[in-house]
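*Asks:* Sequence:
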Amino acid sequence: MWRKSILWLGGLALCVSATSYAGELQTQQDKESYSMGLSLGNYLSNELYQQQQLGAKADVALVIEGFVDALKNQGKLTDDETVNLLNQRAETLNQARAAQRKQVAENNRTAAAAFFEKNAKVAGVTTLKSGLQYQMQQQGTGDAPKPEDVVTAKYRGTLLDGTEFENSGEQPVRFALMTMIPGLEEGIRQLHPGGKARFFIPADLAYGAEGVGAVPPQAALIFDVELVKVEKPAKSHGGMMPGM
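Using the working numbering, the first residue of the sequence shown is number 1, and each one after it goes up by one.
None of these hints come from the bench; they were simulated from the model.
The beta-carbon is built from N, C-alpha and C at its ideal position, and this holds for glycine as well.
One should not assume that every hint holds.
Using C-beta positions, here's what the derived DEER-type ranges look like [said to hold, decoys possible]:
1. Q74 / Q51: 24 to 30 Å
2. D161 / L71: 28 to 34 Å
3. D161 / D30: 18 to 24 Å
4. T82 / N42: 31 to 37 Å
5. E117 / Q139: 41 to 47 Å
6. E32 / K146: 56 to 62 Å
Pairs of lysine-lysine, DSS-like flavour, derived with a Cα cap of 27 Å [unchecked claim]:
7. K57 / K146
8. K121 / K57
9. K121 / K76
10. K76 / K57
11. K102 / K76
12. K129 / K57
13. K129 / K196
14. K57 / K72
15. K118 / K102
16. K31 / K146
17. K232 / K118
18. K154 / K232
19. K31 / K72
20. K146 / K196
21. K154 / K129
22. K154 / K229
23. K196 / K229
24. K196 / K154
25. K118 / K129
From just these sequences and the hints, can you work out the full model?
*Replies:* Here it is in structure tokens:
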């Protein structure tokens, strides 16, 4: 993303070439001064790129002019005018983000509905009343966990398109079953120690309309889980929790 924003603002160098520092960065002060400008430039470049993606355009030459005028304390607008204008732009951007998020949610909802309908017909896939689907890959032995139990498991979570958002790696993780998202909690209760399964979790059993982190709104999830151990709460010593 950073490189995209830099490429998008590639013409910026032409706007400031007349004032570019021609000498080498010889002293510590030279390097620190240049670093401050570089850092601000990178931030501004990325910010303008993100705003452009939301349909809010900006005249780069005037952005640079405003920056230089501020350094010289020669702004053409009052502080109140500046704040009001930026607040108006922020409101426009917020509305654009909300519309974009709504569209993403609708697209995910449609894609998930089609996926679950098709997946239900795949050999070996079981659909529960809640809408959770799973495909048993390896049967385990022993008692299946109860909601209040603590489990140790390996897991990997992805979106429907294969994008990974969570992975325990090779090291099993211990966590309280009741602290997990509903779909994963219900799914792991279908397993016995040593068992493996792939769970297909609808958004309403995961992060719903809000999403979280790398999981967008109304996203269905896929979890590959290997249940290693089941313990009663009294034997738990805490641990990280997937699907929180």
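*Asks:* Does each hint hold? Answer for all of them.
*Replies:* Against the structure, the hints:
{"no.": "1", "hint": "Q74 / Q51: 24 to 30 Å", "result": "holds, 25 Å"}
{"no.": "2", "hint": "D161 / L71: 28 to 34 Å", "result": "violated, 45 Å"}
{"no.": "3", "hint": "D161 / D30: 18 to 24 Å", "result": "violated, 47 Å"}
{"no.": "4", "hint": "T82 / N42: 31 to 37 Å", "result": "violated, 23 Å"}
{"no.": "5", "hint": "E117 / Q139: 41 to 47 Å", "result": "violated, 27 Å"}
{"no.": "6", "hint": "E32 / K146: 56 to 62 Å", "result": "holds, 60 Å"}
{"no.": "7", "hint": "K57 / K146", "result": "violated, 55 Å"}
{"no.": "8", "hint": "K121 / K57", "result": "violated, 47 Å"}
{"no.": "9", "hint": "K121 / K76", "result": "violated, 66 Å"}
{"no.": "10", "hint": "K76 / K57", "result": "holds, 20 Å"}
{"no.": "11", "hint": "K102 / K76", "result": "violated, 38 Å"}
{"no.": "12", "hint": "K129 / K57", "result": "violated, 48 Å"}
{"no.": "13", "hint": "K129 / K196", "result": "holds, 21 Å"}
{"no.": "14", "hint": "K57 / K72", "result": "holds, 25 Å"}
{"no.": "15", "hint": "K118 / K102", "result": "holds, 25 Å"}
{"no.": "16", "hint": "K31 / K146", "result": "violated, 60 Å"}
{"no.": "17", "hint": "K232 / K118", "result": "violated, 38 Å"}
{"no.": "18", "hint": "K154 / K232", "result": "holds, 18 Å"}
{"no.": "19", "hint": "K31 / K72", "result": "holds, 22 Å"}
{"no.": "20", "hint": "K146 / K196", "result": "holds, 17 Å"}
{"no.": "21", "hint": "K154 / K129", "result": "holds, 26 Å"}
{"no.": "22", "hint": "K154 / K229", "result": "holds, 10 Å"}
{"no.": "23", "hint": "K196 / K229", "result": "holds, 12 Å"}
{"no.": "24", "hint": "K196 / K154", "result": "holds, 9 Å"}
{"no.": "25", "hint": "K118 / K129", "result": "holds, 17 Å"}
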